[in-house]
Amino acid sequence: MPHTLAEKLLISHSEVDDASPGDIIMVRCDLVMANDVSGPVAFRQMERMGVQRVFDPSKVVMVSDHFMPAKDARSAALQKRLKSWSDLQGVYYYGQGRGGIEHTVLVEDGWIVPGMVIAGGDSHTCTYGALGAFGTGLGSTDIAACLAFGEFWQQVPGTIQVEFTGHKGSFVAGKDLILAVIADIGVGGGANAVLEFVGEGAASLSLDDRLAVANMAVEAGAETGIFPADEVTARYLDRRADREWHPERSDPDASYVRKVKIDLNSLEPLVALPHSPGNVVAVSEARGTKIDQVYIGNCSNGTITDLRQTAEILRGNRVHPDVRAIIVPASQKVYRQAISEGLIDVFIEAGAVVSTPTCGACFGGHMGVLAEGERAITTTNRNFKGRMGSPLAEVCLANAYVAAAAAVAGEIVEPASICSEPVR
Amino acid sequence: MIIEGRAVLVQQDNVDTDMLYPGAYLNIDDPEGMKPYLFEGLDPGLREELDGDVILVVGENFGAGSSREHVVQAMKAWNIRCVLGKSFARIFYRNCINLGLLAIVQPQAAEEIKANDIVRIDTKAGELSAAGRRYSIPQIPDFVLDMVSSGGLVSWASRRMEENTGP
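Heads up: the sequence lines are chains A and B, in that order.
So the mapping is simple: the working numbering equals the position in the first sequence, first residue as 1, plus 38.
So the mapping is simple: the working numbering equals the position in the second sequence, first residue as 1, plus 208.
No wet-lab data here; the hints were simulated from the structure.
Where hints are given, some of them may not hold.
[Unchecked claim] Result set (DSS-like, lysine-lysine): computed pairs, CA atoms no more than 30 Å apart in a straight line:
hint, chain 1, residue 1, chain 2, residue 2
1, B, Lys294, A, Lys109
2, B, Lys332, A, Lys121
3, B, Lys243, B, Lys322
4, A, Lys371, A, Lys121
5, A, Lys423, A, Lys109
6, B, Lys294, B, Lys284
7, A, Lys423, B, Lys284
8, A, Lys118, B, Lys294
9, B, Lys243, B, Lys284
10, A, Lys46, A, Lys297
11, B, Lys284, B, Lys332
12, B, Lys284, A, Lys121
13, B, Lys322, B, Lys284
14, A, Lys206, A, Lys121
15, A, Lys121, A, Lys109
16, B, Lys243, A, Lys299
17, A, Lys109, A, Lys206
18, B, Lys243, B, Lys294
19, A, Lys328, A, Lys121
20, A, Lys109, B, Lys322
21, B, Lys294, A, Lys121
22, A, Lys118, B, Lys322
23, B, Lys284, A, Lys297
24, A, Lys206, A, Lys118
25, B, Lys322, B, Lys332
26, B, Lys332, A, Lys423
27, A, Lys109, A, Lys371
28, A, Lys423, B, Lys243
[Said to hold, decoys possible] Chain A residues, not near chain B, derived (Cβ > 12 Å throughout):
hint, residue
29, Arg86
30, Ser96
31, Ala114
32, Phe190
33, Arg353
Note that beta-carbon positions come from the ideal geometry of N, C-alpha and C, so glycine has one too.
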């Protein structure tokens, strides 16, 4: 029976010979990940299951990133628990100063290769689809069972084929592609399905752009989002990951729930207005919207690519006097790379603050939350009501060029009005 | 299983996890500590309606967003007995089932049920009733029903450890 890529990955990680969308199967994980928020809740549940040890310590990674560095005693206690539990279980632990934001770190450190199944205690575990893996976000009790038994239950999803045609133009980035998809299918449009990204427009995307796209599959309600592995994937993994992998793709006659086409040739930079990632307009339509804070970072768009784009806009410019700009490299490695390229200098010269890698204010935790009545533009993935602080604040989502341009102008503008032509 | 409770309505669509349980309170890891922050970003006043056995009646794509299980752990701590909606976001739905909280999709019932209606759900008969109206419940997979009626994934897993069998 012909299958899509996602179906193949799930079936190959189960005891069943075949399965169809709708079937419930047990799926083995190649990697289980949790953080300072989801981990401690999962440990409690694992204890309640009566299980003392994880199924395989080499397949478990813990990352302190949400309230890291600890914002208060309670957050410090969670990170202390995450570390002591990791030490006791003998699993790999990324503590403060060692990693950064979980999804960025696991990708850049070579934990993820195509064909893997990753269970993560964070909804943006779908990010690993950028590498052709099935990454899926699960709650803490699910994670507890994965830690204990190395498997989770899964209703086999259907697949929505998203074909990107053409090539993206100036100031258009991965963020715009996924916002266009969410605008097309809706925030619930991916329910019970996996998004599979194909076409010449997908093949020509850099890995960082693919991370930005796959990361927000969950914002369309999808189980995950996957790019079939190709030369771009192979180049990225070369000397990064030792684990063997083989490229898999959907069978030519596999059946899809639905097919969607997005034409990159006509795609402009976009903005998701409050309070939904599906509330998408072209930047030109949002022009003039006043901004109090700009936040560039998070697991979707805190990569070196995003920081380079930010620097292109900020170089030689000043952050508007009424705007606070916060730039958060997603990992220690991205941070160092930005230092060596002189980007951090550009940011500080422009009047932005640069924060240590953290999930920080993206989820309203700390390090730059918003007051009542304030409006931010960010490169993050969610602009829900109250997401970054006060329920009476507003968040707009955009790519790094657009966010940085707003930092300079004090309002949403086309990046071309600040910087004539992007270098990269 | 048979569940009965009083309807509390959350009618808007796409109610997300940040409204249900804001990120600032994610550094709490015990259910009793989570309880006071349920609905904090949506309408804190809703908590006053959570007296006794409650059936939460919700709209489309309820629970969108984060994987935070704090939402469902807090719902359990408040003794919410069932969430009845037009549709659920995937991780929220999983979290309900894994914590033994029945989540049922019945769009017509979710549209018509009024606040404080007494809702009775009979999964075996495959129907629910409220204010004299009857609705059929779409087929719930045996696996899911078994998980919920055994109290969730913790007891399901403990039982599985003893029997050493899969679904």
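Checked hints:
1. Restraint check: the Cα-Cα separation between Lys294/B and Lys109/A comes to about 38 Å, which exceeds 30 Å; the hinted pair is violated.
2. Distance hint between Lys332/B and Lys121/A is unfulfilled; the C-alpha atoms sit about 45 Å from each other, more than 30 Å.
3. Of the pairs offered as hints, the one joining Lys243/B and Lys322/B holds, with about 25 Å between alpha carbons and a cut-off of 30 Å not exceeded.
4. Distance restraint check for Lys371/A and Lys121/A: the Cα-Cα separation of roughly 21 Å lies within the 30 Å cut-off, and the hinted pair is therefore satisfied.
5. Under the criterion of a C-alpha separation no larger than 30 Å, the hint pairing Lys423/A with Lys109/A is consistent with the structure, at around 22 Å.
6. Between Lys294/B and Lys284/B the alpha-carbon distance is near 20 Å, which keeps this suggested pair within the 30 Å criterion.
7. As the CA atoms of Lys423/A and Lys284/B are separated by approximately 24 Å, the hinted pair is consistent with the 30 Å bound.
8. Restraint check for Lys118/A and Lys294/B: the C-alpha separation of about 41 Å exceeds 30 Å, so the hint is violated.
9. In summary, the hint linking Lys243/B to Lys284/B is supported, as the alpha carbons are separated by about 9 Å, within the 30 Å threshold.
10. A threshold of 30 Å between alpha carbons decides the hint, and for Lys46/A with Lys297/A the separation of about 19 Å falls inside it, so the pair holds.
11. Restraint check for Lys284/B and Lys332/B: satisfied, since their Cα atoms lie roughly 23 Å apart, inside the 30 Å limit.
12. The hinted pair formed by Lys284/B and Lys121/A meets the criterion: a straight-line CA distance of about 28 Å does not exceed 30 Å.
13. In summary, the hint linking Lys322/B to Lys284/B is supported, as the alpha carbons are separated by about 22 Å, within the 30 Å threshold.
14. Pair hint Lys206/A plus Lys121/A does not hold up; C-alpha atoms about 43 Å apart against a cutoff of 30 Å.
15. Restraint check: the Cα-Cα separation between Lys121/A and Lys109/A comes to about 17 Å, which is no more than 30 Å; the hinted pair holds.
16. Taking the CA atoms of Lys243/B and Lys299/A, the gap is near 44 Å; set against the 30 Å cutoff, the hint is violated.
17. Annotation: proposed proximity of Lys109/A to Lys206/A is violated, straight-line Cα distance about 40 Å (limit 30 Å).
18. The suggested pairing of Lys243/B with Lys294/B holds, with an alpha-carbon distance near 25 Å, which does not exceed 30 Å.
19. For the suggested pair Lys328/A and Lys121/A, the alpha carbons sit about 42 Å apart, so the restraint of at most 30 Å is broken.
20. Only pairs whose Cα atoms come within 30 Å are accepted, and Lys109/A paired with Lys322/B is rejected, the gap being roughly 43 Å.
21. For the hint linking Lys294/B to Lys121/A, the alpha-carbon distance of about 41 Å lies beyond 30 Å, and the restraint is violated.
22. Between Lys118/A and Lys322/B the alpha-carbon distance is near 47 Å, which puts this suggested pair outside the 30 Å criterion.
23. Our distance criterion of 30 Å between C-alpha atoms is broken by Lys284/B and Lys297/A, whose separation comes to about 39 Å.
24. This hinted pair does not check out: Lys206/A and Lys118/A have alpha carbons roughly 45 Å apart, beyond 30 Å.
25. For the hint linking Lys322/B to Lys332/B, the alpha-carbon distance of about 24 Å falls within 30 Å, and the restraint holds.
26. Between Lys332/B and Lys423/A the alpha-carbon distance is near 39 Å, which puts this suggested pair outside the 30 Å criterion.
27. For the hint pairing Lys109/A with Lys371/A, the CA-to-CA distance comes to about 23 Å; that is within 30 Å, so the pair holds.
28. The suggested pairing of Lys423/A with Lys243/B holds, with an alpha-carbon distance near 20 Å, which does not exceed 30 Å.
29. Arg86/A, annotated as away from the interface, has a beta carbon of chain B within 12 Å; the closest lies near 5 Å.
30. At roughly 22 Å, the least C-beta separation between Ser96/A and chain B is larger than 12 Å, which holds for a residue marked as non-interface.
31. Listed as a non-interface residue, Ala114/A fails to keep its Cβ farther than 12 Å from every Cβ of chain B; the least gap is roughly 9 Å.
32. At roughly 9 Å, the least C-beta separation between Phe190/A and chain B is not larger than 12 Å, which violates its mark as non-interface.
33. Against the 12 Å criterion, Arg353/A stays outside the reach of chain B, whose nearest CB is about 33 Å from its own CB.
The structure fails to meet hints 1, 2, 8, 14, 16, 17, 19, 20, 21, 22, 23, 24, 26, 29, 31, 32 from the earlier list, while all remaining hints are met.
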